[in-house]
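Protein chains: 2
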Amino acid sequence: MTNKVFITDLVLRDGHQSLIATRMRTEHMLPICAKLDNIGFWSLEAWGGATFDACVRFLKEDPWERLAKLRKALPNTPIQMLLRGQNLLGYRHYADDVVRAFVQKSADNGVDVFRIFDAMNDLRNMQVSIDAVKKSGKMAEGAISYTTSPVHDIPHFVELAKGLANFGCDTIAIKDMAGLLTPSAAFELVTAIRAATGLPVHTHSHATSGLASMTQLKAIEAGSTIIDTCISAFAEGASHPTTESMVAALAGTQYDTGIKLDDLEEIAAYFREIRKIYWQYESKFTGVDPRVLISQVPGGMISNLSNQLKEQGALDRMDEVLAEIPRVREDLGYPPLVTPTSQIVGSQAVINVLTGGRYKTITNEVKLYMQGRYGKAPGKINEAVRDMAISDQEVITCRPADLITDEMDKLRSEIEDVAKSEEDILTYAMFPDLGRTFLQERNAHTLTPETLLPIEAKSSGDCTRFAADEFRVTLH
Amino acid sequence: MTNKVFITDLVLRDGHQSLIATRMRTEHMLPICAKLDNIGFWSLEAWGGATFDACVRFLKEDPWERLAKLRKALPNTPIQMLLRGQNLLGYRHYADDVVRAFVQKSADNGVDVFRIFDAMNDLRNMQVSIDAVKKSGKMAEGAISYTTSPVHDIPHFVELAKGLANFGCDTIAIKDMAGLLTPSAAFELVTAIRAATGLPVHTHSHATSGLASMTQLKAIEAGSTIIDTCISAFAEGASHPTTESMVAALAGTQYDTGIKLDDLEEIAAYFREIRKIYWQYESKFTGVDPRVLISQVPGGMISNLSNQLKEQGALDRMDEVLAEIPRVREDLGYPPLVTPTSQIVGSQAVINVLTGGRYKTITNEVKLYMQGRYGKAPGKINEAVRDMAISDQEVITCRPADLITDEMDKLRSEIEDVAKSEEDILTYAMFPDLGRTFLQERNAHTLTPETLLPIEAKSSGDCTRFAADEFRVTLH
Ligand SMILES: [Co+2]
Ligand SMILES: [Co+2]
Numbered sequence: 101m102t103n104k105v106f107i108t109d110l111v112l113r114d115g116h117q118s119l120i121a122t123r124m125r126t127e128h129m130l131p132i133c134a135k136l137d138n139i140g141f142w143s144l145e146a147w148g149g150a151t152f153d154a155c156v157r158f159l160k161e162d163p164w165e166r167l168a169k170l171r172k173a174l175p176n177t178p179i180q181m182l183l184r185g186q187n188l189l190g191y192r193h194y195a196d197d198v199v200r201a202f203v204q205k206s207a208d209n210g211v212d213v214f215r216i217f218d219a220m221n222d223l224r225n226m227q228v229s230i231d232a233v234k235k236s237g238k239m240a241e242g243a244i245s246y247t248t249s250p251v252h253d254i255p256h257f258v259e260l261a262k263g264l265a266n267f268g269c270d271t272i273a274i275k276d277m278a279g280l281l282t283p284s285a286a287f288e289l290v291t292a293i294r295a296a297t298g299l300p301v302h303t304h305s306h307a308t309s310g311l312a313s314m315t316q317l318k319a320i321e322a323g324s325t326i327i328d329t330c331i332s333a334f335a336e337g338a339s340h341p342t343t344e345s346m347v348a349a350l351a352g353t354q355y356d357t358g359i360k361l362d363d364l365e366e367i368a369a370y371f372r373e374i375r376k377i378y379w380q381y382e383s384k385f386t387g388v389d390p391r392v393l394i395s396q397v398p399g400g401m402i403s404n405l406s407n408q409l410k411e412q413g414a415l416d417r418m419d420e421v422l423a424e425i426p427r428v429r430e431d432l433g434y435p436p437l438v439t440p441t442s443q444i445v446g447s448q449a450v451i452n453v454l455t456g457g458r459y460k461t462i463t464n465e466v467k468l469y470m471q472g473r474y475g476k477a478p479g480k481i482n483e484a485v486r487d488m489a490i491s492d493q494e495v496i497t498c499r500p501a502d503l504i505t506d507e508m509d510k511l512r513s514e515i516e517d518v519a520k521s522e523e524d525i526l527t528y529a530m531f532p533d534l535g536r537t538f539l540q541e542r543n544a545h546t547l548t549p550e551t552l553l554p555i556e557a558k559s560s561g562d563c564t565r566f567a568a569d570e571f572r573v574t575l576h
Numbered sequence: 101m102t103n104k105v106f107i108t109d110l111v112l113r114d115g116h117q118s119l120i121a122t123r124m125r126t127e128h129m130l131p132i133c134a135k136l137d138n139i140g141f142w143s144l145e146a147w148g149g150a151t152f153d154a155c156v157r158f159l160k161e162d163p164w165e166r167l168a169k170l171r172k173a174l175p176n177t178p179i180q181m182l183l184r185g186q187n188l189l190g191y192r193h194y195a196d197d198v199v200r201a202f203v204q205k206s207a208d209n210g211v212d213v214f215r216i217f218d219a220m221n222d223l224r225n226m227q228v229s230i231d232a233v234k235k236s237g238k239m240a241e242g243a244i245s246y247t248t249s250p251v252h253d254i255p256h257f258v259e260l261a262k263g264l265a266n267f268g269c270d271t272i273a274i275k276d277m278a279g280l281l282t283p284s285a286a287f288e289l290v291t292a293i294r295a296a297t298g299l300p301v302h303t304h305s306h307a308t309s310g311l312a313s314m315t316q317l318k319a320i321e322a323g324s325t326i327i328d329t330c331i332s333a334f335a336e337g338a339s340h341p342t343t344e345s346m347v348a349a350l351a352g353t354q355y356d357t358g359i360k361l362d363d364l365e366e367i368a369a370y371f372r373e374i375r376k377i378y379w380q381y382e383s384k385f386t387g388v389d390p391r392v393l394i395s396q397v398p399g400g401m402i403s404n405l406s407n408q409l410k411e412q413g414a415l416d417r418m419d420e421v422l423a424e425i426p427r428v429r430e431d432l433g434y435p436p437l438v439t440p441t442s443q444i445v446g447s448q449a450v451i452n453v454l455t456g457g458r459y460k461t462i463t464n465e466v467k468l469y470m471q472g473r474y475g476k477a478p479g480k481i482n483e484a485v486r487d488m489a490i491s492d493q494e495v496i497t498c499r500p501a502d503l504i505t506d507e508m509d510k511l512r513s514e515i516e517d518v519a520k521s522e523e524d525i526l527t528y529a530m531f532p533d534l535g536r537t538f539l540q541e542r543n544a545h546t547l548t549p550e551t552l553l554p555i556e557a558k559s560s561g562d563c564t565r566f567a568a569d570e571f572r573v574t575l576h
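Just so you know, the protein sequences line up as chains P and L, in that order.
First residue of the first sequence? That's 101 in the numbering used here, and the numbers climb one at a time after it.
First residue of the second sequence? That's 101 in the numbering used here, and the numbers climb one at a time after it.
Isolated chain P (complex conformation):
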């Protein structure tokens, strides 16, 4: 019996997003594309919210151009992107016409596989983008954001998977952004989803807690046929299980990937050199950090919190904040902690600790959340907290985007002085201020990417790490 396992390599997106603050430049991707393209990966993940953001904000590259270049350089391998459902690659809900336009343009420029998730696991926030992908003729992968809570049991996740199957998704992804999925839970979950949907299951698990390779192995034994890994040079720690290791682990078994280690090593050797160029974005600690298994607070969130606390001169209150996060999450009905809910919960927890009284101050995001503006919470919302947040303001129960009228025309007219294409309008739609500035500078030929410190600077002289404190860490 053979049950060949397929691999999605993440080095062009989640790998460098997790380890060097999403800073890898297109010029460092293209030279290795021919070799990547020859491996026979199920897909190469190469596009998403943070790469789009980093292109516009720091690298001064047009993200649409990157996509088109990669498409050309990877003629034989599907390109995969991560899409935040109705949020697309931005931080708010968009009108349906923007969602449709964005998906169509992404497909036109080269995306073959769309992995679609919603931070609330609210299926209504995913339906329009899934429909649009199907209409474009591309592959729709519905992603379940994995988390643990009293309401997140197997039947809960199976219901989500069934809903995604009903939407016509081609595959189901289990998205374990925090590394909380244990091998035994993965076995149970994959078995249940396979039984309920019959769809291929694609497993994405961060290596943060040291569980991911075991988790993927047990997911495979339960019938997951596609796994996300990253070539060794950008693997492990906050990133993902090592591609070569998973290939070696499965070689000669019924799950053999058919991929040759020698071919992977050529790619790994290339990226080992590339990684050195970005030394200034490295974290101090790149190993396994199992603390997430205790606090259930993902590593990326802790980095953000520690920056927030540092700004307030209150780094010593981290323990209180870590204890407050589960309480805020419970009050909010146990949302998974992933962009943007990770920021919503984290910021409110910081405020609850620093202001010396829970919910004495409440963020706008929590107010919107309590109004139902992010969708339906997985569990029950604490009504006392909701009263404090929004008193008698209306709570919506419809899909949030139902209240947003079409906005492409408006966006088009707002940016028509600088936009030269539909893609430009969508860039502006994702990042209004930043996008406008980017387009203006592009038109004026004054785009200037941030400076990379020379490699030599690392070993001679000052070696304080320039970890990207200013960058909002996303969870993905």
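Hints listed in this document are in silico derivations from the structure and should not be mistaken for laboratory results.
Glycine included, every Cβ here is placed at the ideal spot set by N, Cα and C.
Treat the hints with care, as some may be off.
As the list claims (entries may be wrong) - A partial selection of chain P residues facing chain L, derived with a Cβ cut-off under 8 Å:
(1) HIS252
(2) LEU317
(3) GLY352
(4) GLU365
(5) PRO532
Here the structure of chain P is known, so what remains is to put chain L with the ligands in place on it, guided by the hints.
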């Protein structure tokens, strides 16, 4: 059904040996011993060849005193050591009376579990030390050095395990020093050893290649009930799977260890601070390096080779050396690559490449090897190479130590001017020159440990890493 899994934590020996060149000092172990002692580990590995060597050579600590102190600080947890069979902790075969004395003194000073291996997997080199352990009333763990070659199949390893069981070993260890054991091979191997011996199987696998956690999981499913892990602060990479991660992976399953993550985190937090003190011994790269899966040359050997080649100004010939190693190993009848065979094979491979003709020069160690002085090779020796090495010199087929007459009296008289105890004589026996100097300086109260660079030096000013180039890397 419960099949509780037991854990040996390696932080006091293999963890720091693998990551900071065996430099951890006793003063940094003792403060955390009470907490380590309370976890309920099956054992704590704390003593071995490299720790003994580093104590005498660099730290200027009496290794016997370290053992006695740890024994006192760990009243409830068995202390485990790694012993190279007839080599003990040195680099030659010793007479049986030295083996017996060394084992007895180790037991007297605190060792409860002796893991015994031989680089050739020649059981005759392990029998006397196993007998001595049994006689001391302590636990004897017979270790199989895992490797891959045309002669190393499952029946071969099962024969070894049976032999160890016949010697009266209490447990069988699978010692995967290079990280070559795949999950599926582990499943097969553990199943076969369990069926053939009925003894508990203890799995030791380095995380170098990214396989070890998966390998241990499958070993457990096949019936391995004891696994070697290391607390997160000194885990992964050249070291071992993370203790917390394996505990979390097994929690709630039939293999639940019963260990609490909160308790482990207190220990991890302590060692995270300790590791910073030793920053000068860190390797540049601490992640997964799957290249060993292709070259089959363990990472520690590559470090040694690279130092040897650097000295000769021939670092550019590494690829040729890596290609030559499997050929030399084949000529020598496929010994496992572990101390001392890793050095024997590696040095000859370097010479074969640099002198421009294979075996134009032959090391003394290869000559001794060809005479049978290290024991019986697992496979057939290349007779043409043997002729070149030793022409018509005698080849022994007996156990090498059969030709060594008792030597304790001789050693005693050689060192009686400075030795103050049986332990001192044994220190001298392990390291004649170094040991004598150590004892003399100790008597004169002039022992001076090597200097640790201050932690501040890391982030201010020069940050060239002071990786311990002078230290002979052992494979373990
Ligand atoms: Co991710
Ligand atoms: Co070892």
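Structure-based check of all given hints:
Nearest Cβ of chain L to the Cβ of HIS252(P): about 15 Å, over the 8 Å cut. The hint is violated. Among the interface hints, the one on LEU317(P) holds; its C-beta lies about 5 Å from the nearest C-beta in chain L, closer than the 8 Å criterion. A hinted interface residue such as GLY352(P) counts as satisfied when its beta carbon comes closer than 8 Å to some beta carbon of chain L; here the least separation is about 7 Å, so the hint holds. Evaluation of the GLU365(P) hint against chain L yields a held restraint, the C-beta minimum of about 6 Å falling below 8 Å.
The closest approach between the C-beta of PRO532(P) and any C-beta of chain L is roughly 39 Å, which is over the 8 Å cut-off, so the hint fails.
The structure is inconsistent with the numbered hints 1, 5, although it conforms to all the rest.
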